[in-house]
Amino acid sequence: MRDRLHELGEQACRRMAEAASLEELNEIRVRFLGKKGELTQILRGMGRLSAEERPRVGQVANEIRAVIEKELAVRTAALKKLAREEKLRGEGIDVTLPGTPVRRGGRHPLNVVLEEIQDIFLGLGYSIAEGPEIETDYYNFEALNLPKDHPARDMQDTFFISGEILLRTQTSPVQVRTMEKTAPALPVKIIAPGKVYRRDDDATHSPMFNQVEGLAVDRRITFCDLKGTLAHFAREMFGGKTKTRFRPSYFPFTEPSAEVDVSCVICGGSGCRVCSHTGWLEILGAGMVHPRVLEVSGYNAEDVTGFAFGMGIERIAMLKYGIDDMRLLFENDLRFLRQF
Amino acid sequence: MKVSYKWLQEFVDIDISPQELADRLTLAGITVEGVKETGAGVSKVITGRIDSIDRHPNADKLVVASVDVGAEKLQIITAATNVSAGDVIPVAVEGAKLASGLVIKRARLRGVESRGMMCSGQELGIDPKTMSAEQASGIMILPPGTPIGRDAREILGLDDYILELDLTPNRGDCLSIIGVAREAAALLGKSFRLPQPACAELAENIAGQVKVDIQDPDLCRRFVGRLIKNVRAGSSPLWMQQRLRAAGMRPINNIVDVTNYVMLELGQPMHAFDYNLLHDGHIIVRRVREGEKIITLDGVARDLTPGMLAITDPSGPVAVAGVMGGQATEVTGKTDTILLESAFFNPVSIRRTSKALGLRSEASLRFEKGIDIGGCARAADRAAQLIVEMGSGEAVAGRVDQAPETITERVVQFRPSRASYVLGVDIPRETACDILTGLQFKVQQAGEELLVTVPTHRVDVGLEVDLIEEVARMYGYNLAPETLPIGGATSGMKTKEQAAVTRVRSQLAASGLFEVMTYSFVHPRVFDLMNLPADSAFRNTLNLQNPLSEEYAVMRTMLLPCLLGVLVRNYNRRVQNGAIFEIGRVFKSRGLDTQPEEKTVLAAAAMGCAPGSWNKAPAAYDYYYLKGVLEDLFSALRTAPVTFRPEPADPSFHPGRAAAIEADGVRLGILGELHPDLLENYELPVKVTAFALDFNQLLALSGRPAAFIPLPKYPGIERDLAILVKKDIPAASIFAAIREAGGKLLSDVSLFDIYFGEQVPDGLQSMAFSLKFQASDRTLTDAEAVERTGAVARALADKFGAELRS
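Residue numbers (our numbering), protein chains in the order written: chain A, 1 to 340; chain B, 341 to 1146.
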């Protein structure tokens, strides 16, 4: 009987080795180990054995069953793996086909740049101040040390609604309004972004454009602080190696006044077409707030000083993205807008 | 202002190159935009005299000239018609280069050899605008006595450099050669030579021949006159002509040229009257009276208005003061005696007058910025000197000089401590003192302070801070260190509205819309295009007094026309699918003389569809698309519950496809398909869906706090319910009825299908809902869910006559 058992074990293992599918393997399992299977049949016949032989044959039978079961598990695993592999082979997709489109839109490039500028100054503790786009002559000009008939009014060709009401030509009126509201409290640290209007229309001028101005007023705010602040801004905005250069200039509402250049963002300062081979790009106007402006806004100009600066967002966006015509920014061609 | 480098050298020794000087000036605030070499590229052009001109044997339009260029005689063929024997002209000899880059070679023209070319001014690089029409069109003919065989560039003063200044409006003093020379001297530490003109004078004195009355001293603070007799009209010398040309002015005649030359050199505009045409030699400077007129030098008859300042004689106005002279007293070839005027006029008055007359001259430009009141006499003397030296006339001794008030120089205090307080850098007192002295300020020490006397030409300096700027700019802005403000910390925070703008912008961009930015001014006809009735509040616009064009003539009261403009432009460029939005201000008039109400509006518009893909069908940009975008936005902003109520009455929208958007009983705006009439007006052959919301209302309704609801512990049961119901029953009513009938156990309801057509009777539709029942304290039984679903179905049957669909 023992021989019969061993033969059965070998037979089962051989069959399992030959089995090509999980179904076949299952048939083999049923045939040998099932309730009516051959091994079970043999074990049922053990009653006929002597009491001495029974445990020994029983042990052999259990060993054989264990061998078969072990082999069955191994073969099942192997065949499962084969079957899975076979299945996966048929399930391939073209991974190079385009993905399912997610319909994302986008922010306007000018607002992308504006938010970047805002974030830099928010980080320096500045708040964002806003004001009307249609202003009075007083806030747009007079309070900024630009009385009527001042020649510097020609610097900003103005759209008028009436004699006293106009489209603001700069966001500086927001500075005056903010100081008026705050004075005599200190400090004032704001940036004033917004739309401004001047009567110009060509490739580098638009009748409406966007400005960001900044204002810091406190005791002992100095010209050096202005330099440091704008140098910091330029490095944050244009990269850590950006250099700044201050040139004396004139604005009625600041004194001393400066035009601020940054080293060319295209060539790094060695000279190229964009910077007209000077290595520098003019991007900011700045200066120390004129004492008359401080006084008009409610501060004692002997005690309190401040600096102010302003920049055009279009200019910065054009430099940043290499846009050569300002009008593109306001045409809103979707093929243009998609690029940002 | 164009400044000759050589002319500057007359007043200061400059030992650096023109480009270096330009850089130094720029960094000191006198911006030099460019440096141009006069006669650039021109070489081997010499002066020659035409000995003879003969006919060309083989050509009617050419002549053969023999030209003496000193060392030899050249045969030159020319087609020019303005030359004749004896003329001295510039000759480009073999190998010469002209301004255009042309190289002159020996040539044969119709069989006759030509060894050079006679040159026009333009060929030598002279701007044709600065030449007379005759000069500009022909060969440049030089004065008869001009030496021959000499380098024409030198003779013509074309060996110079021109600095093109872009001056700030405060530096009127630099609208002159001496003004720039002063700056250069200060920058280079050189001495500045102020001209002290003097000339031979006749024995007779001006006294008794000229009388000046200044009747309006507020508008004319000084009037200096000089009398020149035995005037010989003619042209001015070449060197003077070239300097005028280099400055962009056209030489006219010796007298006019002298007045212009002095203006360029000293910054003092001058005028010359024909003395014999002035009544009684009597000048009265006064405001214009009602009805007075003048014909100005440009031949235009002009009505003057009271308030303008005029130079008059007893018969009436002879010049518009500081703006332009009159034709009646113009200097002509017959003039024998001239009266030179060198005056100081009120800048504001000049500015108003020149604006009112639309006449901006080189003179008015200078007067309106303020000229050097201390320099009037010097300029008059300089003009007399030039005229005498040129042999163009003889100067009568003395001058009239009327100045109603004494001319004083301002004294301004300068505290080094204050400079350091403002600048943040300590500039030693001695350094400040040197800088100010170098700029021609007179400086007196008074303890720690300096008392600074401001010369009369620096009309821009009147406050201590003006002096601080002078010191800082000459010290060098770039030497000041970079620091950050000390003092109290501030927190940089966006306001709720600012944060919301950023948030909405990002949210809508993520939803597939592109942000646009459009002009705040629109064409007045957009309100017609928008289908708005005549009494629409949107037509209450603010109009620009001076728009760029009708296209941008009124301030917008709504955003939608701007967005439609963008869609139209894109559509016409064959970009025919897209969804856009803008957050911008609109302006509601409160009358012409007050500021309008400015409201922020959020608007969007979409046409066509979102493009599909190989695995995704295109999705129409329709009402439900934008509604979905809005619902998502409202959810992101945590607004109060928003309802969409049918809005059949808005003239811009499709009456059956528009909804008023409301929350908490407040109208937020409108969403809908645009009216086909309007699309026709805009010539847009596609459907457009749009919304417009009051941004601040949206903001006020948003930001409800989030509150946690515990997650369900027990499983829920989902049941589907399909009903047949009349099409015209709004879905919102059915949802409300389901929720009511479903009671507390109904945790969610969604509509997953709508069907009408085959197998559904006309006028009805099938709506399939998925209902989810859930209890927070136990596992629901199927029986309960069935019972609730039944209750819902009964309610729908009762309220709407809905039939259960099996």
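Source of the hints: derived by calculation from the structure; they are not laboratory data. Check before you lean on any hint, since a few could be wrong.
Straight-line alpha carbon distances no greater than 27 Å define the calculated BS3-like cross-link-like pairs of lysine-lysine that follow [what the hints assert, rightly or not]:
1. A/K181 <-> B/K928
2. B/K1027 <-> B/K1067
3. A/K320 <-> B/K834
4. A/K181 <-> B/K967
5. B/K939 <-> B/K967
6. B/K939 <-> A/K181
7. B/K695 <-> A/K181
8. B/K384 <-> B/K469
9. B/K695 <-> A/K148
10. B/K939 <-> B/K928
11. B/K1067 <-> A/K195
12. A/K195 <-> B/K928
13. A/K195 <-> B/K834
14. A/K195 <-> B/K836
To be clear about the criterion: a stretch of chain B counts as covered by chain A if any three or more of its residues have a C-beta under 8 Å from a C-beta of chain A, and this derived list gives those stretches [unchecked claim]:
15. 526-533
16. 845-852
Label-pair restraints from in silico Cβ distances [unchecked claim]:
17. B/L803 <-> A/D324: 52 to 62 Å
18. B/V1026 <-> A/A185: 53 to 63 Å
19. A/R219 <-> B/R750: 26 to 36 Å
20. A/G163 <-> B/S889: 19 to 29 Å
21. A/V274 <-> B/D1004: 48 to 58 Å
22. A/A185 <-> B/Q536: 20 to 30 Å
23. B/D868 <-> A/G322: 34 to 44 Å
All C-beta atoms, glycine included, are put in the ideal place defined by N, C-alpha and C.
Hint-by-hint comparison with the structure:
{"no.": "1", "hint": "A/K181 <-> B/K928", "verdict": "holds, 25 Å"}
{"no.": "2", "hint": "B/K1027 <-> B/K1067", "verdict": "holds, 23 Å"}
{"no.": "3", "hint": "A/K320 <-> B/K834", "verdict": "holds, 25 Å"}
{"no.": "4", "hint": "A/K181 <-> B/K967", "verdict": "violated, 41 Å"}
{"no.": "5", "hint": "B/K939 <-> B/K967", "verdict": "holds, 23 Å"}
{"no.": "6", "hint": "B/K939 <-> A/K181", "verdict": "holds, 21 Å"}
{"no.": "7", "hint": "B/K695 <-> A/K181", "verdict": "violated, 37 Å"}
{"no.": "8", "hint": "B/K384 <-> B/K469", "verdict": "holds, 25 Å"}
{"no.": "9", "hint": "B/K695 <-> A/K148", "verdict": "holds, 13 Å"}
{"no.": "10", "hint": "B/K939 <-> B/K928", "verdict": "holds, 8 Å"}
{"no.": "11", "hint": "B/K1067 <-> A/K195", "verdict": "violated, 48 Å"}
{"no.": "12", "hint": "A/K195 <-> B/K928", "verdict": "holds, 17 Å"}
{"no.": "13", "hint": "A/K195 <-> B/K834", "verdict": "holds, 18 Å"}
{"no.": "14", "hint": "A/K195 <-> B/K836", "verdict": "holds, 20 Å"}
{"no.": "15", "hint": "526-533", "verdict": "violated (count 0)"}
{"no.": "16", "hint": "845-852", "verdict": "holds (count 7)"}
{"no.": "17", "hint": "B/L803 <-> A/D324: 52 to 62 Å", "verdict": "violated, 42 Å"}
{"no.": "18", "hint": "B/V1026 <-> A/A185: 53 to 63 Å", "verdict": "holds, 55 Å"}
{"no.": "19", "hint": "A/R219 <-> B/R750: 26 to 36 Å", "verdict": "holds, 29 Å"}
{"no.": "20", "hint": "A/G163 <-> B/S889: 19 to 29 Å", "verdict": "holds, 22 Å"}
{"no.": "21", "hint": "A/V274 <-> B/D1004: 48 to 58 Å", "verdict": "holds, 53 Å"}
{"no.": "22", "hint": "A/A185 <-> B/Q536: 20 to 30 Å", "verdict": "violated, 57 Å"}
{"no.": "23", "hint": "B/D868 <-> A/G322: 34 to 44 Å", "verdict": "holds, 40 Å"}
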